[in-house]
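A.B. asks: Can you build the whole structure from these sequences, using the hints too?
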Amino acid sequence: MSTVDDLRRVIRRIEGARPPRPAAEPVERVVDGELHETGQGTIVLVQREYPLSHRHGAEPLADAVAAPLALLARAARVDGDVAAAGGLLFLDTETTGLAGGTGTYAFLVGAALVEGDRLVVRQYFMRDFDDEPALLTALEPLLARAAAIVTFNGAGFDLPLLETRFVLARRRWPASLAHLDLLRPARRVWTGWLPDCRLSTLESAVLGLAREDDVPGGLIPLLYFDYLRTRRAGPLRRVFDHNRSDVLSLVALVGWFGRALVDGSSVRPEELAGLGRLWEPFDLERSLACYRGALGAGLPEPVAQWARLRLAWWEKRAARWTAACELWDAARQHERFDPRPWEELAKFQEHRARDLAAAHAIVQDALGLARAAGAAPSVLDAFTYRLQRLTRRLERHPGRC
Amino acid sequence: MLGEILDDLLISASTGRCITATRHFPARPPVLAPFPSSLDPRIVEALRARGIEQLFSHQARVWELVEAARHVVVVTPTASGKTLCYNLPALQSLLDQPEARILYLFPTKALAQDQLAELEALAAALPEMRMFTYDGDTPQDARRAVRARANLVLTNPDMLHSGILPHHTKWANLFQNLRYVVIDELHAYRGVFGSHLANVLRRLKRICAHYGSRPQFIMASATIGNPRELASRVTGEAVEEITESGAPSGEKTFVCYNPPVVNPELGIRAPYLGEAAKLAIRLLKAEVPTIVFAQSRLSTEVLLTSIKQGVADRATGDAGIVRGYRGGYLPNRRRAVERELRSGEALGVVSTNALELGVDIGHLDAAVLAGYPGTIASLWQQAGRAGRRAGSSAAILVATSAPLDQFMVTHPDYLFGTPPEHARVNPDNPFILVNHLKCAAFELPLGPPAGGGPDEMETFGELDVRRELAALEDEGLLHRAGPRYHWASETYPADHVSLRTVTTDNFVVIETTFRDEKQTKKRNIIAEVDWGSAFATIYPKAIYLVESTPFVWILRRLEGRQHAAYLAEQGEVLVAEKVVGFKKIKLGTLENVGSGEVELPQQEKQTTSVWLTVAPETLERVSRSREELIDGLRAVTYLLHHLAPIFLLCDIRDLGSWLGDTTPAERGAVATREKAKQRLMQAERFQPTIYLYDAHAGGIGLAERLFEILPGLLRHGLGTLQACACGFGCPSCVGPVNEVGRRAKATAARLLSVLTA
Chain U
1 MSTVDDLRRV IRRIEGARPP RPAAEPVERV VDGELHETGQ GTIVLVQREY
51 PLSHRHGAEP LADAVAAPLA LLARAARVDG DVAAAGGLLF LDTETTGLAG
101 GTGTYAFLVG AALVEGDRLV VRQYFMRDFD DEPALLTALE PLLARAAAIV
151 TFNGAGFDLP LLETRFVLAR RRWPASLAHL DLLRPARRVW TGWLPDCRLS
201 TLESAVLGLA REDDVPGGLI PLLYFDYLRT RRAGPLRRVF DHNRSDVLSL
251 VALVGWFGRA LVDGSSVRPE ELAGLGRLWE PFDLERSLAC YRGALGAGLP
301 EPVAQWARLR LAWWEKRAAR WTAACELWDA ARQHERFDPR PWEELAKFQE
351 HRARDLAAAH AIVQDALGLA RAAGAAPSVL DAFTYRLQRL TRRLERHPGR
401 C
Chain P
1 MLGEILDDLL ISASTGRCIT ATRHFPARPP VLAPFPSSLD PRIVEALRAR
51 GIEQLFSHQA RVWELVEAAR HVVVVTPTAS GKTLCYNLPA LQSLLDQPEA
101 RILYLFPTKA LAQDQLAELE ALAAALPEMR MFTYDGDTPQ DARRAVRARA
151 NLVLTNPDML HSGILPHHTK WANLFQNLRY VVIDELHAYR GVFGSHLANV
201 LRRLKRICAH YGSRPQFIMA SATIGNPREL ASRVTGEAVE EITESGAPSG
251 EKTFVCYNPP VVNPELGIRA PYLGEAAKLA IRLLKAEVPT IVFAQSRLST
301 EVLLTSIKQG VADRATGDAG IVRGYRGGYL PNRRRAVERE LRSGEALGVV
351 STNALELGVD IGHLDAAVLA GYPGTIASLW QQAGRAGRRA GSSAAILVAT
401 SAPLDQFMVT HPDYLFGTPP EHARVNPDNP FILVNHLKCA AFELPLGPPA
451 GGGPDEMETF GELDVRRELA ALEDEGLLHR AGPRYHWASE TYPADHVSLR
501 TVTTDNFVVI ETTFRDEKQT KKRNIIAEVD WGSAFATIYP KAIYLVESTP
551 FVWILRRLEG RQHAAYLAEQ GEVLVAEKVV GFKKIKLGTL ENVGSGEVEL
601 PQQEKQTTSV WLTVAPETLE RVSRSREELI DGLRAVTYLL HHLAPIFLLC
651 DIRDLGSWLG DTTPAERGAV ATREKAKQRL MQAERFQPTI YLYDAHAGGI
701 GLAERLFEIL PGLLRHGLGT LQACACGFGC PSCVGPVNEV GRRAKATAAR
751 LLSVLTA
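Here the protein sequences line up with chains U and P, keeping their order. Note that the working numbering has the first sequence beginning at 1, numbered continuously upward. Note that the working numbering has the second sequence beginning at 1, numbered continuously upward.
It is worth saying that the hints were derived from the structure and are not from the lab. Bear in mind that the values here come from a model prediction, so they are computed numbers and not experimental data. Each residue gets a CB set at the ideal place from its N, CA and C atoms; glycine is no exception. Mixed in with the good hints, there may be bad ones.
[Stated by the list, open to error] Interface residues of chain P toward chain U, partial, derived using beta-carbon atoms under 10 angstroms:
no., residue
1, Lys-170
2, Cys-208
3, His-210
4, Ser-213
5, Ala-441
6, Pro-445
C.D. replies: Structure representation (structure tokens):
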């Protein structure tokens with residue numbers, strides 16, 4: 001609307017005649033669901049059940065049931081008691097946008113619970129904005145029953161959004177609910193070795209899942225708005241599929257974490273190094289074991305170099321000098337010149353072993369390699385300075401060789 | 001010291017003839033009132049600890065009215081203790097009810113910081129005070145804490161608009177318990193900004209109603225003509241005004257200074273910046289604390305440089321006693337200048353109107369105003385920066401050669417006798433309104449009012465917006481479900497609405513030759529220019545001022561008034577503007593030193609306008625030569641355009657003018673200045689029409705007011721023309737003689753006498 005006249009033209013057009021809405025093609029039939037009366041209005045409910053033997057990608061759902069929840073909760077730094085009875089509620093929302101704030105709606109909420117020997121996925125859908133009270137009514141008992149919610153990026157997105165919807169509708173939001181956001185541990189494990197930490201990336205790289213005919217997430221709000229205007233529900237079927245697949249991926253990821261946390265041998269070396277990073281803040285020995293395991297299992301470069309230096313740093317802090325020196329020694333063999341292990345080794349020889357000549361030799365080699373590799377001036381300066389200092393000390397104490 | 005300098009100025013042969021008027025304002029004793037009995041004794045104690053034993057009468061009056069649950073606006077001069085007017089009820093309510101919430105709005109972040117410091121000092125010994133600023137500078141991780149803890153939040157309208165209202169559920173506690181909304185510097189919210197604020201407050205009140213609160217508004221304003229009207233337009237509530245200040249003031253002298261004429265033939269005066277600098281240097285050398293107001297960022301720098309040269313210590317060259325202050329300086333630097341002025345470390349400051357607002361810089365003894373600041377209200381604001389509660393002070397207005405300035409310094413009775421202008425807002429400007437309706441729908445669906453039937457629709461403020469909502473639905477931005485309109489777009493509408501302009505598109509100016517400290521080429525953003533001014537300020541070879549030519553079509557006539565000599569009408573017009581060339585103009589003297597042409601696309605906007613069509617009989621009585629008439633009418637157009645801002649409390653750039661006719665022209669054909677004249681020369685029916693239009697798309701209410709005051713404007717135009725001493729036109733009346741022609745001034749004078757007869 002660029003001018004007042006445009007506005008007037010639109011107003012005139014509307015005031016002429018408002019065409020009646022086309023008869024609604026019932027969405028519940030298109031998505032194979034049913035109408036569900038909540039007492040506060042009706043929504044569309046789609047329910048699917050999966051035996052625990054079902055594999056999502058390569059991942060059996062049963063692994064999630066077997067996952068050591070207390071361990072996972074610790075690793076994901078969850079407040080609250082995740083392992084309590086009642087089980088996990090796997091939750092994912094489809095929304096009218098990513099902007100957040102009070103004008104963004106969650107129009108489809110997918111929720112999965114383990115019930116007996118089956119995983120039950122329920123999807124709650126509002127056919128229009130005035131179905132929202134019914135949607136929230138349907139969600140309330142689920143939230144009340146769950147011991148914890150499992151999401152992917154729920155801390156940053158889904159849960160604040162749902163909380164906003166609850167507050168807007170003057171309903172109580174269970175703020176104290178424990179929440180396991182899988183994005184946090186996923187970032188620790190995969191950042192650096194996967195191009196990004198999006199759920200779709202993890203699905204193909206970790207869960208071995210190839211989605212067919214998947215609807216791009218960015219398109220989903222537009223599909224919903226189209227449906228609101230035209231009442232043609234056909235294109236929504238892919239949105240329901242997408243959401244269901246997201247929920248199943250949450251279950252599969254919990255299964256993956258459960259297995260990996262218990263037994264590191266089942267995962268790839270990069271992932272094992274990532275688990276080391278995950279454990280680092282609260283279980284150092286377990287973390288270092290992961291790093292050692294990953295290096296021993298043939299961790300590829302450049303991750304291996306990172307893991308060596310990380311591990312060496314911890315060994316140095318624990319004064320396990322032999323182990324540290326071995327790692328630095330391996331690290332300085334790296335095909336691309338890396339000044340850090342050289343510097344560490346020189347410091348060790350000078351201050352710990354008190355072998356000035358050995359330190360001098362190391363720095364001299366390092367300087368030559370650094371020059372050949374075209375290292376940054378700051379690196380060259382640091383080595384030169386160190387070399388000069390060592391030379392002076394050697395001249396002063398020639399006996400210390 | 002100050003008195004001696006003023007006497008000297010008056011007596012000296014060189015300066016005495018430049019002083020066109022002086023006025024003395026005697027000292028005024030305070031009018032005091034005891035602390036109200038309902039004021040919490042802990043607050044009384046805090047006041048006593050700060051040396052306050054009684055209130056000024058206006059402070060006590062605000063207290064009474066606020067207690068009586070009225071919305072109030074208090075209008076008082078600088079340094080009259082207006083912040084206490086709103087701080088007292090705010091602190092009291094927090095003591096009575098720690099759960100209460102209070103929102104303070106300031107037009108800038110810096111003012112919020114200042115006020116927080118003042119509040120904290122006063123409330124240091126009081127319990128339950130949790131006061132925080134919340135604005136663009138609040139770190140992300142601190143925001144949650146502020147939302148959870150604060151019971152008094154200091155912010156600005158922009159943050160309320162884009163950061164708080166669209167996330168109101170996170171602020172549920174605030175909106176449930178919102179007791180007062182304090183709006184300081186209300187006079188700053190005029191024109192576009194005020195029209196936006198009025199809509200932001202419509203949204204705020206909707207959200208409050210949703211959470212069940214109904215806040216009371218306490219506002220403070222510098223002197224303007226219509227504080228109550230502005231306050232009630234902005235808040236949509238009935239407001240009580242308090243205009244009697246009980247604060248004492250010292251004796252004050254106001255001097256009008258017109259730079260001497262150096263070229264009587266062309267009417268050229270000595271450059272005003274140089275004259276202003278001389279006066280300031282004289283004051284500063286005598287160690288009189290002085291503030292110098294410049295009218296633009298550029299002239300601030302020019303003045304600062306020459307004043308620094310003038311006061312520099314002969315031995316060391318140190319000119320550190322003078323500082324510069326303007327928008328565009330980084331906040332830290334501004335804070336430092338404020339501090340140095342308060343402590344007396346800096347003796348003088350050269351500033352744009354940035355220091356007009358209530359930033360605390362202590363008390364100064366003299367103000368030099370380099371150029372009339374555009375409005376009577378600003379004039380008193382700036383002059384008021386000099387002045388203590390006791391002791392004498394002075395303000396000197398140095399006139400430029402613009403018509404406005406010359407009118408003011410040669411009509412001291414008008415200058416001193418005219419009440420300050422009315423501040424205008426137009427909350428119903430369709431562009432502004434529709435943008436805020438989008439934000440409102442985002443915040444909460446629009447639907448039937450509380451207790452209303454399903455066929456009813458809530459109003460927005462008092463406004464029926466059903467047609468606008470239907471239009472937005474048709475555009476696909478809203479979706480109607482049941483009786484309610486919901487936001488149905490992925491976007492976050494507040495991000496696309498800037499409170500400081502009508503439309504939000506803008507241009508950024510990028511310095512492509514910039515190199516960083518490592519000599520790497522970088523794109524450096526040096527300025528942002530809004531869409532409306534971009535075409536006139538940035539274009540190829542854009543180094544100097546621009547010449548742009550509008551062309552106006554009438555779209556609809558809303559009102560008309562027949563006078564003996566002319567027909568005045570008001571309505572909506574389409575203005576097409578095309579930048580066709582630029583002039584190079586020498587700074588200071590405004591001499592034309594060259595020109596060039598540019599080829600840019602035409603820009604169109606719809607807005608409101610008044611137009612005045614001169615009757616054929618009137619024209620005949622003035623002259624038989626069409627060309628002479630056209631030159632004369634052009635001169636009148638120039639004069640009216642330059643004088644109108646006096647009466648509208650607006651900037652000269654808020655208005656546009658054009659001389660054309662009412663015969664419909666081919667659309668799309670934009671005329672150059674010469675072509676427009678030719679067209680009039682050749683027209684079959686010669687019915688010249690003067691247009692004065694609102695330069696903001698959709699209009700911000702200027703045209704309606706112009707229509708009301710047109711007869712008075714014409715009379716003042718004639719007065720200015722007759723008072724101007726130039727022979728054939730100068731920049732101070734109808735424009736420079738080499739542009740309007742040698743007979744234009746005389747013809748214009750005859751035209752105006754007939755039009756005002």
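A.B. asks: Going through the numbered hints above, which ones does this structure break? Give me the numbers in ascending order.
C.D. replies: 2 and 4
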